[in-house]
Amino acid sequence: MREVAIIGVGSTVFGKLPERLPYELGAEAAWAAVRDAGITPKDVQFAYCSNLYGGMVIGQAVLGEIGIAGIELTNIENACAGGATALRKAWWDIASGLYNMGIVIGVESMTTSPIAGKLIPPAKGDITGELGMNMVARFALLQRRYMDIFNVSLEHIAKVSVKNHHNGCLNPYSQYKKEFTIEEIISSRPICEPITLLQCCPATDGAAAVVLASRDLAKRYTNKPVIIAASVLKSGDYAFRWEDITFSDMTYQCANDAYEMAGLGPEDVDVCELHDAFAVNELQHYVELGFCERGEEVRLIEDGVTELGGKLPVNTSGGLLAKGHPVSATGVAQIVELVWQLRGQAGKRQVDHAKVCLAHVIGGEVAGLESGAVAVHILKR
Amino acid sequence: MKTRVPFKEGLIEEVSGKWVLKGCRCKQCGQIMHPCREVCLNCLGRDMEKVHLSEQGKLYSFTIVHMPSEHFNPPYAIGWIEIPEGIRIFSQIRGWQEHPLEIGMDMELTIEKLWDEGEQEVTGYTFRPSVRR
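Chains H and S, in that order, are what the protein sequence lines are.
For the first sequence, my numbering begins at 1 and goes up steadily by one.
For the second sequence, my numbering begins at 1 and goes up steadily by one.
Some clues are possibly wrong.
Unchecked claim - Keeping only pairs whose Cα atoms sit at most 30 angstroms apart, straight-line, the calculated BS3-like set for lysine-lysine is:
1. H:K16 with H:K355
2. H:K177 with H:K89
3. H:K89 with H:K178
4. S:K2 with H:K124
5. S:K50 with H:K124
6. S:K8 with H:K380
7. S:K50 with H:K118
8. H:K16 with H:K311
9. H:K118 with S:K8
To be verified - The following label-pair restraints were derived from C-beta to C-beta distances:
10. H:E260 with S:T110: 23 to 31 angstroms
11. S:R4 with H:A123: 21 to 29 angstroms
12. H:A123 with S:R46: 51 to 59 angstroms
13. H:E72 with S:D47: 18 to 26 angstroms
14. H:E77 with S:G86: 49 to 57 angstroms
15. S:T110 with H:A123: 34 to 42 angstroms
16. H:E260 with S:L44: 54 to 62 angstroms
17. H:E65 with S:R37: 23 to 31 angstroms
18. S:K27 with H:C169: 55 to 63 angstroms
19. S:P74 with H:R220: 40 to 48 angstroms
20. S:R46 with H:K224: 55 to 63 angstroms
21. H:M261 with S:H52: 45 to 53 angstroms
22. H:A123 with S:P74: 41 to 49 angstroms
23. S:R46 with H:Y252: 28 to 36 angstroms
Rather than coming from a laboratory, the hints here were simulated on the basis of the structure.
Glycine included, every Cβ here is placed at the ideal spot set by N, Cα and C.
Use the sequences and the hints to build the structure in full.
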């Protein structure tokens, strides 16, 4: 198996962009990544494009705009893990020796989608969905139990949102650049109790892209290649084997496999982008990703360990909560942020001497399973 | 009077005038499943027996939803009920305005209208806080 490097990254600004079509967003990000890599469109041998609501063969429309056509091109859907799934597939196509250079794009336009202004609906015929389940409710059930059984307060959870909104203010690509107080977060409109509006990620339009190459080829283009040290993707197990809804077994297993593959441990991680679709998720994932023992996660946020300037900054981009969550683009956008961190290009969000970074996404609801898909990537320089 | 139709086939059934929650048990590994399957999703055994699930359980978690869904207007309550067989049933929760919900409280199965669909009354299972008599 060959080592795979990321040599170019690009992103659109995230936000509500109803005047822009999905393929335009995708093309902007893809072109930015191609330019950043210092390659020409002709160098790209294959592509994966992740999208949920943009219609058929969107990857062809995206890359057709920037002079990439007539190559192997696969469109991918895997809910919130779609972008990370595309990266995983591209990683393998190079690691296996099939190709030497490829591009990964994640793109979503929620405001031009058929579900604009609504919650992401459950699949037709999904039993729990028909009985009134939705994405927010699923995590509200987790949060209710988490707060009551483990004695975690709403203030602790709101603090995650305070932190990530602060980081978003420092990120020019972020949808929200506004500070919030704990009180503002708690007193915002209830969505599914105890989750209030400002504990939820927004609906977002945006795209992100990365160019990958074999490590050998990467040397020709950059002296700062970022290496993909681990790439792991898993689907959710049956819920009847899921003991405790406040602990994501699939995230835990996926992270363990990723650490093993990278030959690294949680103590080596300098910066992490994780799936904070709801503020409570970030605390939960600290434990599952191995950053602390169960029961210590509140301390990480209270003591500032995961803030910028702390020992392990988490969601420096603003996370899904502030930077936004264009579903299929999120997994790729996390990689863009971490590559900037590893190259020392993260501006006001820069973490000093970042060497190892971890990205985690999870998503997709299916009755009877823990969740749809989870992915963990570890990057190093 | 409206006709009652089950919300989905195979989830509940009428046994001598009384509606019960239907499940099945794998004779090989003992796994209980709701809804039933032909094949055990735990051990892939093919010998499944029909069982009637407990009508009592404990509230594992709950939420009051303030967004509309396809069939329900806000606010409505949903939750997971852990039944003695060791599985969790996802359900609409009724009676929450009269009896404030709390994790661990005793809940009981009720069969009632979920929503109207034209001339039909879509019927299914819900859970309510058990009221000690």
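Okay, the hints, checked on the actual structure:
no. : hint                                   : in the structure
1   : H:K16 with H:K355                      : violated, 33 angstroms
2   : H:K177 with H:K89                      : violated, 33 angstroms
3   : H:K89 with H:K178                      : violated, 36 angstroms
4   : S:K2 with H:K124                       : holds, 25 angstroms
5   : S:K50 with H:K124                      : holds, 27 angstroms
6   : S:K8 with H:K380                       : violated, 50 angstroms
7   : S:K50 with H:K118                      : violated, 39 angstroms
8   : H:K16 with H:K311                      : violated, 33 angstroms
9   : H:K118 with S:K8                       : holds, 25 angstroms
10  : H:E260 with S:T110: 23 to 31 angstroms : violated, 48 angstroms
11  : S:R4 with H:A123: 21 to 29 angstroms   : holds, 26 angstroms
12  : H:A123 with S:R46: 51 to 59 angstroms  : violated, 27 angstroms
13  : H:E72 with S:D47: 18 to 26 angstroms   : violated, 46 angstroms
14  : H:E77 with S:G86: 49 to 57 angstroms   : violated, 34 angstroms
15  : S:T110 with H:A123: 34 to 42 angstroms : violated, 27 angstroms
16  : H:E260 with S:L44: 54 to 62 angstroms  : violated, 28 angstroms
17  : H:E65 with S:R37: 23 to 31 angstroms   : violated, 47 angstroms
18  : S:K27 with H:C169: 55 to 63 angstroms  : holds, 60 angstroms
19  : S:P74 with H:R220: 40 to 48 angstroms  : violated, 58 angstroms
20  : S:R46 with H:K224: 55 to 63 angstroms  : holds, 57 angstroms
21  : H:M261 with S:H52: 45 to 53 angstroms  : holds, 47 angstroms
22  : H:A123 with S:P74: 41 to 49 angstroms  : violated, 22 angstroms
23  : S:R46 with H:Y252: 28 to 36 angstroms  : holds, 32 angstroms
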